[in-house]
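Line order of the protein sequences matches chains P and Z.
For the first sequence, this note's numbering begins at 1 and goes up steadily by one.
For the second sequence, this note's numbering begins at 239 and goes up steadily by one.
Calculated directly from the structure, the hints in this document are not laboratory data.
Where a beta carbon is used, it is the ideal one built from N, C-alpha and C, also for glycine.
Mixed in with the good hints there might be a few duds.
To be verified - Simulated coverage check for chain P against chain Z, where a stretch passes if three residues somewhere in it have a Cβ under 8 Å from a Cβ of chain Z: (1) 13-24; (2) 31-38; (3) 76-87; (4) 112-125; (5) 128-142; (6) 161-170; (7) 175-187.
Unchecked claim - The list that follows gives simulated cross-link-like pairs (lysine to aspartate or glutamate, EDC-like), each with its CA atoms no further than 20 Å apart: (8) K114(P) / D140(P); (9) K321(Z) / D24(P); (10) K173(P) / D243(Z).
Stated by the list, open to error - Short, incomplete list of chain Z residues facing chain P, as computed with Cβ under 10 Å: (11) A244; (12) F245; (13) G265; (14) R279; (15) L285; (16) P286; (17) I289; (18) I290; (19) A291; (20) P296; (21) A311.
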Amino acid sequence: MTAPPPASAEARWTFAAFRHGAIDVLPFVPGLAGFAMAYGTLAARKGMTLFETLLMSASIFAGVVQMVVLDSWPQTLTAGAIAGIVALTALVNARYLMIGATLRPLLGGQPPRKVYPTLFFLVEPPWLMSLRYYSNGGRDPAYLLGGGVAMYVVWVTTAIPGYLAGAAVGNPKQFGIDLLVPAFFVAMMVSLWRGPRRSWGLIVGALAAALTEFMFGGFWYLIVGAVAGCVAGVLNDD
Amino acid sequence: MIERDAFGFFVTLGLMVIVVYVTRIAGYWLIGRLVIGRRLRRMLDALPGAIIAATVAPALVQGGTRAVLALAATAGVMIVVRKDFFAVVAGVAVAAAAFAYGL
Numbered sequence: 001m002t003a004p005p006p007a008s009a010e011a012r013w014t015f016a017a018f019r020h021g022a023i024d025v026l027p028f029v030p031g032l033a034g035f036a037m038a039y040g041t042l043a044a045r046k047g048m049t050l051f052e053t054l055l056m057s058a059s060i061f062a063g064v065v066q067m068v069v070l071d072s073w074p075q076t077l078t079a080g081a082i083a084g085i086v087a088l089t090a091l092v093n094a095r096y097l098m099i100g101a102t103l104r105p106l107l108g109g110q111p112p113r114k115v116y117p118t119l120f121f122l123v124e125p126p127w128l129m130s131l132r133y134y135s136n137g138g139r140d141p142a143y144l145l146g147g148g149v150a151m152y153v154v155w156v157t158t159a160i161p162g163y164l165a166g167a168a169v170g171n172p173k174q175f176g177i178d179l180l181v182p183a184f185f186v187a188m189m190v191s192l193w194r195g196p197r198r199s200w201g202l203i204v205g206a207l208a209a210a211l212t213e214f215m216f217g218g219f220w221y222l223i224v225g226a227v228a229g230c231v232a233g234v235l236n237d238d
Numbered sequence: 239m240i241e242r243d244a245f246g247f248f249v250t251l252g253l254m255v256i257v258v259y260v261t262r263i264a265g266y267w268l269i270g271r272l273v274i275g276r277r278l279r280r281m282l283d284a285l286p287g288a289i290i291a292a293t294v295a296p297a298l299v300q301g302g303t304r305a306v307l308a309l310a311a312t313a314g315v316m317i318v319v320r321k322d323f324f325a326v327v328a329g330v331a332v333a334a335a336a337f338a339y340g341l
């Protein structure tokens, strides 16, 4: 080797780190696959083609966004409805502003042509694993990419059986499939619950959404609930 | 529903893809240029829970006894077992059973 070794913070982007990252997210795969199947089932019930269902997963790759938006997809796509969907998407994914900010130590100083494609695959499990990896002294950003790509492959492919099941079932209520998405969200809420004093956001969001739904219908309940819950969260003392 | 307006679907999807990608890169890009203060941090912390709660609440209001039973089963199993897969299976099973009983 004639070239000097790269500086300590320099990128290696090795395949070993990529594989390491992919292996470390394996415990998240069953939950992710179940969530993807629920998404596929919902997409089939909403009348989407298999192509559209997979295209959405492959291009967006954000489970909660896909579920929430599809669940509230309007009957007709007016300009206002599209604006509502876009606002909802931004609200649901706003948490990534914080997530992305915490990746500065691992990705800072890397070439943008590598960083920005890697961030396309950013989701929570590999992010959590990467924080741990970094605090244990890991410095190879391919670790984050490996975890993200592994999650991506699972997310896109496991939507297929869900879609086929959703398309085959005649009356979704008979098998409880109509409550699949709410059930997933209830399970997530249990994980997010921090006791009544620290969960104003959850409580206020739910009440505001229920009230808006009761009075106006449509999908505005989501935006009203999210904003109300968010404001309540700001006022909530730690 | 979506079939009738394939063009609208692709326009909406394209906009969503852009917004989602921007949220993924903006935090990384902004840091150093903007400080995330306590209030903004709390707001961003509260968001996922508020949205998820807002999604579920109308299903409970509209779904009646069957939805309440099914989602209570999900919450119960989740609190005890802490595995979302089993919690969801339990909820869906209760919903199917409630349907069989005519609820």
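Checked hints:
no.: 1; hint: 13-24; in the structure: violated (count 0)
no.: 2; hint: 31-38; in the structure: holds (count 3)
no.: 3; hint: 76-87; in the structure: holds (count 5)
no.: 4; hint: 112-125; in the structure: holds (count 5)
no.: 5; hint: 128-142; in the structure: violated (count 0)
no.: 6; hint: 161-170; in the structure: violated (count 0)
no.: 7; hint: 175-187; in the structure: holds (count 13)
no.: 8; hint: K114(P) / D140(P); in the structure: holds, 12 Å
no.: 9; hint: K321(Z) / D24(P); in the structure: holds, 18 Å
no.: 10; hint: K173(P) / D243(Z); in the structure: violated, 27 Å
no.: 11; hint: A244; in the structure: holds, 8 Å
no.: 12; hint: F245; in the structure: holds, 9 Å
no.: 13; hint: G265; in the structure: holds, 3 Å
no.: 14; hint: R279; in the structure: holds, 7 Å
no.: 15; hint: L285; in the structure: holds, 5 Å
no.: 16; hint: P286; in the structure: holds, 6 Å
no.: 17; hint: I289; in the structure: holds, 5 Å
no.: 18; hint: I290; in the structure: holds, 5 Å
no.: 19; hint: A291; in the structure: holds, 4 Å
no.: 20; hint: P296; in the structure: holds, 4 Å
no.: 21; hint: A311; in the structure: holds, 9 Å
In the structure shown, a violation is registered for the earlier hints numbered 1, 5, 6, 10, in ascending order.
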